[in-house]
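Count along the sequence shown from 1, add 1391, and you get the number used in this note's numbering.
These are calculated hints, taken from the structure and not from any lab test.
Among the hints, a few may not be true.
[What the hints assert, rightly or not] Computed spacing ranges between beta-carbons, pair by pair:
1. R1505 x I1462: 56 to 64 Å
2. Y1593 x T1540: 22 to 30 Å
3. A1525 x P1485: 52 to 60 Å
Source: prediction; values computed, not measured.
Glycine included, C-beta positions come from ideal geometry on N, C-alpha and C.
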Amino acid sequence: MPVALPELTQDRLQVLKVPDDPPNPANVAKAYILLNQASSRAIHYLDGRLISDVDICKVATYATQLITTRIGRPDIRDEVVAALRDTMPTLLQPVRNDITRVKTELAGARRDIRRNGRLIGLTWNGNSRPTDTATFEIVPFPNFEDPTTAPHNLPPLHSPQAIDELGPHHLRAYVRGYHPNLQAPGDRNECIKLVLTGIGAYGHVRE
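Using the sequences and the hints, build the whole thing.
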């Protein structure tokens, strides 16, 4: 009876063909190459998209079934499957620990980049001359979130005109973002002043 192909959740691993009965050396070799590829992907992915334990176990089981069938020992299959299921999570834990560490380091690097971006934006806008043709840099909120991306999705403020054209809802959202400890005033001109100071464009504040 031919060994059944594993049903995998990772589409890129669906590269095997039905093996011969009994399996020939090429079938076994290809199965073990597949197992090596799956293991390598589990180790080298750093963005959380790991090959699952289940998929690796299925590939390892398939390769083991082929070799045991070829040497005439299909009776040990269940023992191998049980051993793989017991040991695979432990074997992969160091990999997960490394990935968690790298993710933490990357998160810290991203925070530093956002912090530097905020300082650069404030400096640029602070040096901007108070003219209608002035250009502003996007300044992250004090918590370093970008106001123009999720979850805020606010219009970008690249010019004094862009601020003047903000609707009431977006204007108050900008005030809350740049001044989280203040309640947005009811006066529109006061809100505009707060947004201008929030992005560092003090020279554009009109009394």
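We went through each hint and held it up to the structure:
1. R1505 x I1462: 56 to 64 Å: holds (58 Å)
2. Y1593 x T1540: 22 to 30 Å: The hinted range 22 to 30 Å holds for Y1593 and T1540, with Cβ atoms some 25 Å apart.
3. A1525 x P1485: 52 to 60 Å: holds (54 Å)
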